[in-house]
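A.B. asks: Here are the chains, one letter per residue:
2 protein chains.
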Amino acid sequence: MTEMTQAYEAVTDGRLLRGARSRQTIARHAVDVASLESLDGLSLGRLAHDLGLSKSGIQALFGTKEKLQLATIEAAGRAFDEAVVRPAIAQAAGLPRLRALVERWIAYVDPPLFPGGCFWAANLPAFDSQPGPIRDALATQQRVWRGLLADELRHAAAGGDIAPLDSVRAAFLIDAVLTASNTALRLGDRDATETVRRFIDGLLAPADPP
Amino acid sequence: MTEMTQAYEAVTDGRLLRGARSRQTIARHAVDVASLESLDGLSLGRLAHDLGLSKSGIQALFGTKEKLQLATIEAAGRAFDEAVVRPAIAQAAGLPRLRALVERWIAYVDPPLFPGGCFWAANLPAFDSQPGPIRDALATQQRVWRGLLADELRHAAAGGDIAPLDSVRAAFLIDAVLTASNTALRLGDRDATETVRRFIDGLLAPADPP
Numbered sequence: 078m079t080e081m082t083q084a085y086e087a088v089t090d091g092r093l094l095r096g097a098r099s100r101q102t103i104a105r106h107a108v109d110v111a112s113l114e115s116l117d118g119l120s121l122g123r124l125a126h127d128l129g130l131s132k133s134g135i136q137a138l139f140g141t142k143e144k145l146q147l148a149t150i151e152a153a154g155r156a157f158d159e160a161v162v163r164p165a166i167a168q169a170a171g172l173p174r175l176r177a178l179v180e181r182w183i184a185y186v187d188p189p190l191f192p193g194g195c196f197w198a199a200n201l202p203a204f205d206s207q208p209g210p211i212r213d214a215l216a217t218q219q220r221v222w223r224g225l226l227a228d229e230l231r232h233a234a235a236g237g238d239i240a241p242l243d244s245v246r247a248a249f250l251i252d253a254v255l256t257a258s259n260t261a262l263r264l265g266d267r268d269a270t271e272t273v274r275r276f277i278d279g280l281l282a283p284a285d286p287p
Numbered sequence: 078m079t080e081m082t083q084a085y086e087a088v089t090d091g092r093l094l095r096g097a098r099s100r101q102t103i104a105r106h107a108v109d110v111a112s113l114e115s116l117d118g119l120s121l122g123r124l125a126h127d128l129g130l131s132k133s134g135i136q137a138l139f140g141t142k143e144k145l146q147l148a149t150i151e152a153a154g155r156a157f158d159e160a161v162v163r164p165a166i167a168q169a170a171g172l173p174r175l176r177a178l179v180e181r182w183i184a185y186v187d188p189p190l191f192p193g194g195c196f197w198a199a200n201l202p203a204f205d206s207q208p209g210p211i212r213d214a215l216a217t218q219q220r221v222w223r224g225l226l227a228d229e230l231r232h233a234a235a236g237g238d239i240a241p242l243d244s245v246r247a248a249f250l251i252d253a254v255l256t257a258s259n260t261a262l263r264l265g266d267r268d269a270t271e272t273v274r275r276f277i278d279g280l281l282a283p284a285d286p287p
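For the record, the sequence lines run as chains W and H. So the first sequence is numbered by our numbering: it starts at 78 and just counts up by one. So the second sequence is numbered by our numbering: it starts at 78 and just counts up by one.
Note that these hints are calculated values from the structure, not bench results. Take these hints with a grain of salt, some might be off.
Same chains, same label: a pair holds when it works inside one copy or across any pair of copies.
Stated by the list, open to error - Straight-line C-alpha distance at most 25 Å; calculated SDA-like pairs for lysine to any residue: (1) K144 - L264; (2) K142 - L264; (3) K144 - D117; (4) K142 - S120; (5) K132 - D117; (6) K142 - Q207; (7) K142 - G118; (8) K142 - L124; (9) K132 - Q101; (10) K142 - R123; (11) K144 - L119.
Chain W extracted, bound-state conformation (with noise of 0.2 Å):
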């Protein structure tokens, strides 16, 4: 490789590290306006406008709308996993763990993590009925979320922390009554929380009581 081949790469490296950088920052914003105004209300003028930047540099680093509504997703993931999962992980497995997922969780949308609350619970429901990537995307942080859940309780449930019960339905249910007290929170329901935690105190009885 002679010189002049590295310096080029070096530069085209810094662009790219710049692009990628970009891209970060921006999908990270579009995060928090699809949380307030949903996946919808998303546009790469709105972007540009809220940042400062131009729309033809947006559009040179994402392409499409919906290639910057799957960026987005992608963003509000990795806030996700940083905040909610990873600290959940390092703890033991079973029933530590899923404490943590839920006092993580609850503490992910109280104070909220991003202006509109849970991103998930802003999104998915309103593109649930419509067929394609973006549907496809939600549905699948929703899963490996649920699933992280059902997991966790199995743990649970075998080594004799829990009373057996269906991991799956359970998994379910724990997600749906997260999701509702987002809204709830959103809404001024400060109570919502206690009514979570009271919920899953009681689906996570012990296997033999004391």
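Keeping the supplied structure of chain W fixed, place chain H upon it in accordance with the hints.
C.D. replies: Chain H alone, transformed into the frame defined by chain W:
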């Protein structure tokens, strides 16, 4: 009143009546659109195109987009009352009415009365962070619905048909799980209604086990 005045009033009444009927027809179509694509997806132009009417005619009937959205929420409320609430109210207060409310709700989303499934599930989460009359109207609908459930839970507990419970929290949970089942059905999870029924059977445990 002269004959002429009577004739004039008959004509005016006829116009008002036709106007009211047109408003209802348009609003009912708007409910279908908003169940699929949320209230944000509504526009006077879109409805005019769908219904083969002039945009100015629809504008004359509704005025602003916000008034159209509010009329759509009203129309959804009427259709929901007719499909879910009124038939259930015909049942005896307490457990029979509660069971009827739940079963009618499930029938309202499976097969869906509106093409996008539950109107409230598609719209409240998208508007819960946007203060204003749309959010207020959607939140009122939720409050009234949960109030209905809570009333019947109280009746059922007072009559000894179910074990004592916190009726407000239990109504929150029932609403949460029903709403989640609507999303699940839209995503093709046919098992969701069974999860709802098992959950509610558990919640409505008899006061004294047989």
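A.B. asks: Could you check the structure against the hints above and give me the numbers of any it violates, in ascending order?
C.D. replies: none
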